[in-house]
Amino acid sequence: QQPVQSPQAVILREGEDAVINCSSSKALYSVHWYRQKHGEAPIFLMILLKGGEQKGHDKISASFNEKKQQSSLYLTASQLSYSGTYFCGTEKLENEKLTFGTGTRLTIIP
Amino acid sequence: DTGVSQNPRHKITKRGQNVTFRCDPISEHNRLYWYRQTLGQGPEFLTYFQNEAQLEKSRLLSDRFSAERPKGSFSTLEIQRTEQGDSAMYLCASSLKGPGNTIYFGEGSWLTVV
Chain A
1 QQPVQSPQAV ILREGEDAVI NCSSSKALYS VHWYRQKHGE APIFLMILLK GGEQKGHDKI
61 SASFNEKKQQ SSLYLTASQL SYSGTYFCGT EKLENEKLTF GTGTRLTIIP
Chain B
1 DTGVSQNPRH KITKRGQNVT FRCDPISEHN RLYWYRQTLG QGPEFLTYFQ NEAQLEKSRL
61 LSDRFSAERP KGSFSTLEIQ RTEQGDSAMY LCASSLKGPG NTIYFGEGSW LTVV
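Chains as they are written, first to last, in the numbering used here: chain A, 1 to 110; chain B, 1 to 114.
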């Protein structure tokens, strides 16, 4: 079953923060986050493997709440380069394929 | 470039024709995935391989679609008797088997059926 992302779209001014959520109706083993720019391949951002795990690099971080079966991606002090569509990919079992969410379109304006 | 390579990058074909896409994964990766993506949607799983074994096929994959990975290296995705609804970007991805391994995507092959 496809995970649900919210919001569907968000527009921010440069420097503002954003949170993107990914929820599943099934128990999850892992959550993978990707960013995709129009006409390009999805680019890997990070993987979260354990419930409650929080990861981050630079100004992008994420958390994974295993009990709630959801993950959140945090973008701090957004830059123009953060624009794109963000997808979460979920793995129900170890070593299974990813099922991608509905996507969140992020637009950063100067 | 040592990333996932796909070709052709763009293909325009007439309805009813057959098309084949090729994917060369990252060399040491034993997992290879095919996804399909239409405008405004997330990648949709089609099938995946571990080495040369096809482990799973989506119910979305009709009998007009076939994928192979004959020697556990490159893979091909063939669509027979194409229909306009097949127009999409076909994404290939690869990874190592194991938890926590990153799945890397290729640039995709755009198919337009006219």
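Check before you lean on any hint, since a few could be wrong.
What the hints assert, rightly or not - No farther apart than 25 Å at their CA atoms in a straight line, the calculated lysine-lysine pairs in the DSS-like style are these:
no., chain 1, residue 1, chain 2, residue 2
1, B, K71, A, K37
2, A, K55, A, K68
3, A, K92, B, K11
4, A, K37, A, K59
5, B, K11, A, K26
6, B, K97, A, K26
7, B, K57, A, K26
8, B, K57, A, K55
These aren't lab readings, by the way, just hints derived from the structure by calculation.
Predicted model, so just to flag it, every value in this text is computed and none were measured.
Hints and how they fare:
The straight-line distance between the Cα atoms of K71 of chain B and K37 of chain A is roughly 33 Å, outside the 25 Å bound, and the hint therefore fails. Of the supplied pair hints, the one linking K55 of chain A and K68 of chain A holds, its CA atoms being roughly 18 Å apart against a limit of 25 Å. For a cut-off of 25 Å, the pair hint linking K92 of chain A to K11 of chain B is broken: about 34 Å separates their Cα positions. Taking the CA atoms of K37 of chain A and K59 of chain A, the gap is about 19 Å. The hint holds against a cut of 25 Å.
Proposed proximity of K11 of chain B and K26 of chain A is contradicted: the alpha carbons are some 37 Å apart, above 25 Å. Between K97 of chain B and K26 of chain A the CA atoms are separated by roughly 22 Å; this keeps the pair inside 25 Å, and the hint holds. Using a Cα cut-off of 25 Å, the hinted pair K57 of chain B and K26 of chain A holds, with the two alpha carbons roughly 20 Å apart. Restraint check: the Cα-Cα separation between K57 of chain B and K55 of chain A comes to about 32 Å, which exceeds 25 Å; the hinted pair is violated.
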